[in-house]
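Chemist: Heads up, the sequence shown is in my numbering, so the first residue is 21 and it goes up one at a time.
Treat the hints with care, since some could be wrong.
Claimed, not checked - Across the chosen pairs, the derived CB separations fall in these ranges:
no.: 1; residue 1: Ala368; residue 2: Gln31; range: 32 to 40 Å
no.: 2; residue 1: Phe307; residue 2: Arg64; range: 25 to 33 Å
no.: 3; residue 1: Arg86; residue 2: Thr343; range: 51 to 59 Å
no.: 4; residue 1: Pro266; residue 2: Gln62; range: 32 to 40 Å
no.: 5; residue 1: Arg431; residue 2: Ala368; range: 51 to 59 Å
No wet-lab data here; the hints were simulated from the structure.
Note that the coordinates shown come from a computational prediction; the quantities given were computed from them, not determined experimentally.
Glycine included, C-beta positions come from ideal geometry on N, C-alpha and C.
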Amino acid sequence: ATRAAADLPWQDFVQDESLRELVALALQNNRDLRVAVQNIEQARAQYQIRRADQVPTVAGALNGQRTVPNANANANGQPKVSSLYTVGVGVSSWELDFFGRVAALKDVALSNFLATEEALKTTQMSLIANVIATGLQLKTDTELLGLAERTLATRQQSLDLIQLRFDHGASSALDLQLAQSLIASAQAARAQQQRLRAQDINLLTLLVGQPLPERLLPAVPAAVAPAPQPELTQTATVPAPVTALPAFAPVPAGLPSDLLLRRPDIRAAEQQLIGANANIGAARANFFPRITLTASLGRVSTDLDGLLGSHGFGAWSFAPALTLPIFDGGRNQANLEAAQAGRAIAVAQYEKAIQGAFREVADALAGRATLTAQLTALQAQATAERERYRLTELRYRNGVASHLDLLDAQRSLFAIEQALAQGQLAERSNEVQLYKALGGGWSEPAPAAN
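Based on the sequences and whatever the hints tell you, model everything.
Modeler: The following block contains the structure:
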């Protein structure tokens with residue numbers, strides 16, 4: 021049976037070993053993921069605090085007091101020292117949650133904790149998709165750099181041939197200048213691709229969180245070596261074709277209902293909505309009386325040695341308190357209105373998350389339907405342009421075609437190979453976006469979360 025995207029681990033989705041290693045390094049070292057993990061720890065602690073509010077806090081105490089009142093003196097006129105020692109346990113300000121205020125605040129903290137867990141999954145999904153996309157971009161820019169190098173070598177061969185023909189009076193000075201212009205254009209394209217490749221490496225280093233191992237960097241394809249002394253009858257040379265990008269495991273589309281259950285960002289929005297509803301409950305409870313209890317049980321003695329013996333005597337206290345809001349300047353009403361507005365915001369955010377999810381899936385499915393056909397057409401066009409260039413160069417070497425014909429064939433081949441490389445990138449990147457849109461990438465927790 022075909023697995024849903026959310027059940028397809030990223031290790032199975034990514035087929036290329038270098039991309040797998042990059043993703044694994046990012047899950048171990050990425051700073052955004054570390055922050056998300058610590059956010060979970062913080063939310064968990066806050067939930068534990070709210071949960072502890074539901075049970076009484078019992079504390080033990082041992083107190084000693086010695087006083088010398090001015091009015092007390094013995095028969096000799098010396099001050100009389102009085103001592104008092106107490107030991108016991110007590111409950112301080114425990115709220116009896118008759119109206120659900122403390123429980124509602126606990127539910128808010130629980131929802132925040134669960135939403136934070138889903139946020140970690142969303143962060144992991146985005147990180148995996150970004151690392152894969154940047155890795156594909158690096159491979160593409162490396163391929164385009166190799167294409168620029170090969171084009172430069174090919175144009176250098178053409179310049180050498182034109183120079184030879186010019187020396188024999190078979191080409192004009194205009195042809196020679198055009199060839200030199202093409203050399204400069206190829207050099208500019210090479211410099212641009214060198215810059216883009218360096219920027220890709222910098223971004224990937226940031227995502228991975230450490231310097232990239234050299235073995236994970238794609239090597240620039242070797243350029244075609246120019247012929248030192250080309251002959252007029254030399255066989256035409258054509259640059260190597262564009263290297264294909266690595267493929268991914270097939271991603272099933274899934275069902276909309278399954279999408280709602282799988283995407284962590286929708287689950288996070290749902291938890292935030294639950295928390296907003298609980299927050300309203302806490303705000304409403306503020307309109308009702310609040311009952312707190314303070315109690316203690318222990319022993320009192322004027323002698324420290326006899327505190328736990330026969331000289332001590334038992335003591336206890338029980339002090340319930342009732343606080344009833346009468347006038348607060350509208351504070352409770354404002355808190356309730358703020359909570360209701362927060363719920364309305366949470367509803368809108370939940371709806372937005374659902375709508376955004378459907379759009380992302382629809383866009384990725386539309387791309388899947390068209391990008392594959394576009395890539396097939398580009399591959400066919402590239403094959404035709406390569407053959408056209410080979411024939412045109414051969415005809416030019418034998419004096420049948422003009423230099424302008426060769427120039428046009430070179431430009432067309434360079435342009436279509438660039439378009440083919442970009443088309444491959446778009447098609448593979450769309451597969452990654454579809455995988456992410458369908459909730460793929462978090463079926464296995466990040467190593468840092470463990």
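Chemist: Decide, hint by hint, whether the structure agrees.
Modeler: Going down the list of hints, with the structure as the test:
1. Ala368 <-> Gln31: 32 to 40 Å: For Ala368 and Gln31 the Cβ distance comes to about 37 Å; the hint holds.
2. Phe307 <-> Arg64: 25 to 33 Å: 31 Å, holds
3. Arg86 <-> Thr343: 51 to 59 Å: 36 Å, violated
4. Pro266 <-> Gln62: 32 to 40 Å: This hint holds: roughly 38 Å between Cβ atoms.
5. Arg431 <-> Ala368: 51 to 59 Å: Because 52 Å falls inside the window, the suggested range holds.
Violated hint: 3 only; the structure is consistent with all others.
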